[in-house]
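Below, each chain spelled out in residue letters.
Number of protein chains: 4
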Amino acid sequence: MTMGNTDAHAERGYSASKEQLLKRLRRVEGQVRGVEGMVVADRYCIDVITQISAIQAALDKVALGLLDEHAHHCVMGAADGDQGAKTQELMSAIGRLMKRG
Amino acid sequence: MTMGNTDAHAERGYSASKEQLLKRLRRVEGQVRGVEGMVVADRYCIDVITQISAIQAALDKVALGLLDEHAHHCVMGAADGDQGAKTQELMSAIGRLMKRG
Amino acid sequence: MTMGNTDAHAERGYSASKEQLLKRLRRVEGQVRGVEGMVVADRYCIDVITQISAIQAALDKVALGLLDEHAHHCVMGAADGDQGAKTQELMSAIGRLMKRG
Amino acid sequence: MTMGNTDAHAERGYSASKEQLLKRLRRVEGQVRGVEGMVVADRYCIDVITQISAIQAALDKVALGLLDEHAHHCVMGAADGDQGAKTQELMSAIGRLMKRG
Numbered sequence: 016m017t018m019g020n021t022d023a024h025a026e027r028g029y030s031a032s033k034e035q036l037l038k039r040l041r042r043v044e045g046q047v048r049g050v051e052g053m054v055v056a057d058r059y060c061i062d063v064i065t066q067i068s069a070i071q072a073a074l075d076k077v078a079l080g081l082l083d084e085h086a087h088h089c090v091m092g093a094a095d096g097d098q099g100a101k102t103q104e105l106m107s108a109i110g111r112l113m114k115r116g
Numbered sequence: 016m017t018m019g020n021t022d023a024h025a026e027r028g029y030s031a032s033k034e035q036l037l038k039r040l041r042r043v044e045g046q047v048r049g050v051e052g053m054v055v056a057d058r059y060c061i062d063v064i065t066q067i068s069a070i071q072a073a074l075d076k077v078a079l080g081l082l083d084e085h086a087h088h089c090v091m092g093a094a095d096g097d098q099g100a101k102t103q104e105l106m107s108a109i110g111r112l113m114k115r116g
Numbered sequence: 016m017t018m019g020n021t022d023a024h025a026e027r028g029y030s031a032s033k034e035q036l037l038k039r040l041r042r043v044e045g046q047v048r049g050v051e052g053m054v055v056a057d058r059y060c061i062d063v064i065t066q067i068s069a070i071q072a073a074l075d076k077v078a079l080g081l082l083d084e085h086a087h088h089c090v091m092g093a094a095d096g097d098q099g100a101k102t103q104e105l106m107s108a109i110g111r112l113m114k115r116g
Numbered sequence: 016m017t018m019g020n021t022d023a024h025a026e027r028g029y030s031a032s033k034e035q036l037l038k039r040l041r042r043v044e045g046q047v048r049g050v051e052g053m054v055v056a057d058r059y060c061i062d063v064i065t066q067i068s069a070i071q072a073a074l075d076k077v078a079l080g081l082l083d084e085h086a087h088h089c090v091m092g093a094a095d096g097d098q099g100a101k102t103q104e105l106m107s108a109i110g111r112l113m114k115r116g
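Residue numbers (the numbering used here), protein chains in the order written: chain W, 16 to 116; chain E, 16 to 116; chain B, 16 to 116; chain V, 16 to 116.
For the record, the hints were derived by calculation from the structure and aren't laboratory data. Don't take every hint at face value.
[Stated by the list, open to error] With beta-carbon atoms standing in for the labels, derived distance ranges:
#1 Leu37/E with Gly99/W: 40 to 48 Å
#2 Thr65/E with Gly92/W: 30 to 38 Å
#3 Ala72/E with Gly45/B: 44 to 52 Å
[Unchecked claim] Here are the simulated lysine to any residue pairs, SDA-like style, with alpha carbons at most 20 Å apart:
#4 Lys76/V with Val55/W
#5 Lys101/V with Asp57/B
#6 Lys33/B with Gly45/B
#7 Lys114/E with Glu51/E
#8 Lys33/V with Lys33/B
Glycine included, each C-beta is placed from N, C-alpha and C at the ideal position.
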C-alpha cells in the first residue's frame with residue numbers, strides 16, 4: 016500500500032491518499048465508540064442499528080479507496096507475468112467484501 | 016435497548032447481553048485501530064481489505080444481536096396496535112443493513 | 016407463507032401480497048433472461064454488472080416483503096412458547112441474506 | 016464483454032467463459048422460477064428466503080466472473096491514458112455490487 020501523494024489522487028473519485036484513509040478510519044473509530052456509548056445509554060435499538068449501517072457504509076468507502084489504489088499501483092503496475100495472479104487476488108478480496116468476511 | 020440479564024440470553028444464538036455487545040464493540044474498535052496501524056505501516060492493500068471485511072462481519076453480528084433483542088423485547092412485547100408499526104420499523108432497519116447504510 | 020389479501024397489506028411498505036410477490040419474481044426472471052441476452056450479444060461488462068446489481072436489489076426487496084409477512088404472521092402469531100425459536104430462525108435467515116447465502 | 020475461449024480461463028478461479036456464464040445465468044433463471052413455484056405453493060417463508068439467498072450468492076459469482084474478465088481484458092488491455100478512467104468505472108461497479116444496486 017505504498018501510495019502516492021494527494022495531488023495525484025485528487026482527480027479520481029474513490030481513490031484516497033494515505034492521509035485521507037487515516038482520517039476516514041479515525042472517524043470510523045469514533046463512530047464505533049459512539050455506538051458503544053449508545054449501548055451504555057440504553058439507546059433505542061433501531062437507532063443503534065442505523066448507526067452501525069452508517070459505519071458499514073463508511074468502511075465500504077475505505078475499502079473501495081484501497082481497492083482503487085491497489086488496482087492502479089499493484090495490479091496494473093505488476094510485471095506482465097504477475098498480472099493474472101494479482102487480478103485473481105483482487106477478485107478474491109472483492110468477493111470477501113461482497114460477502115462481508 | 017433495555018436488555019435483560021445474561022442468563023436469559025444464553026440459550027439463543029444471535030442474542031447478546033449488553034455486556035457482550037460492549038465487549039464485541041470494543042473489539043471492533045481495536046480492529047479499526049489495527050487497520051489504522053496497517054495503513055500507517057504501508058501494509059499490503061489486500062491484507063488491509065481482508066481485515067476490513069472481518070470488521071464488517073463482526074459489525075453484522077453485533078447488528079443481528081441487536082435485532083434479535085429488539086424483536087423479542089420491543090416488537091413482540093409491543094401492544095397489539097403497535098406491532099404493525101414496530102415490524103415496519105424493523106424491516107426498514109434490516110433493509111438499511113442489507114444495503115449497508 | 017399463507018398470506019392475506021392485498022387490501023390488508025396496502026398500508027405497509029415492505030409487505031406484499033402473494034400476487035405482488037409473484038409479479039416481482041416474474042420481473043426478476045425477465046431481468047435474468049435480459050442479462051443472458053446481454054452476454055450473448057457481447058454487451059459491455061460494466062453494463063451487465065450494473066444490471067446484475069439491479070436484480071439483486073429487486074431480490075432483496077422480495078426477501079424483505081417475505082420477512083415482513085413472516086414476522087407478522089408466523090413469528091408474532093406463534094404461541095408464546097414458540098416465539099423464541101421462531102425469532103431465532105428469523106435472525107438466521109436475515110444473517111444469510113446479509114451474507115448472501 | 017468479448018471473452019476468450021474456455022481453455023484460457025481454466026486456470027483462473029473466478030473467471031468464466033461466455034458459455035459458463037450463460038450456463039450459470041440459466042441456472043439462476045431456473046432458481047427464480049423455483050422460487051415462484053414455492054410462493055404459489057405457499058411454502059414456508061424461511062425456506063423461500065433461504066433460496067433467495069442462494070440466488071444472490073450465485074449472482075455474486077456471475078458478477079465476479081464478469082469483473083475478472085473485465086479487469087483482464089478491458090482495464091489492463093486499455094491504452095495507458097484510459098486505464099485511470101477504466102479503473103474508476105470498475106470501482107463504481109464494485110461499489111454498486113457491494114450496495115446491491
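Against the structure, the hints:
1. Look at Leu37/E against Gly99/W: about 45 Å separates their beta carbons, and that is inside 40 to 48 Å.
2. Our hint of 30 to 38 Å for Thr65/E and Gly92/W is violated, since their Cβ atoms are close to 21 Å apart.
3. For the pair Ala72/E and Gly45/B, the beta carbons lie near 34 Å from each other, so the given range of 44 to 52 Å is not met.
4. Under the criterion of a C-alpha separation no larger than 20 Å, the hint pairing Lys76/V with Val55/W is inconsistent with the structure, at around 40 Å.
5. Simply put, Lys101/V and Asp57/B have alpha-carbon atoms about 18 Å apart, close enough for the 20 Å limit, and the pair holds.
6. Annotation: proposed proximity of Lys33/B to Gly45/B holds, straight-line Cα distance about 18 Å (limit 20 Å).
7. Our distance criterion of 20 Å between C-alpha atoms is broken by Lys114/E and Glu51/E, whose separation comes to about 25 Å.
8. Simply put, Lys33/V and Lys33/B have alpha-carbon atoms about 36 Å apart, too far for the 20 Å limit, and the pair is violated.
Hint compliance for this structure: hints 2, 3, 4, 7 and 8 are broken, all remaining hints hold.
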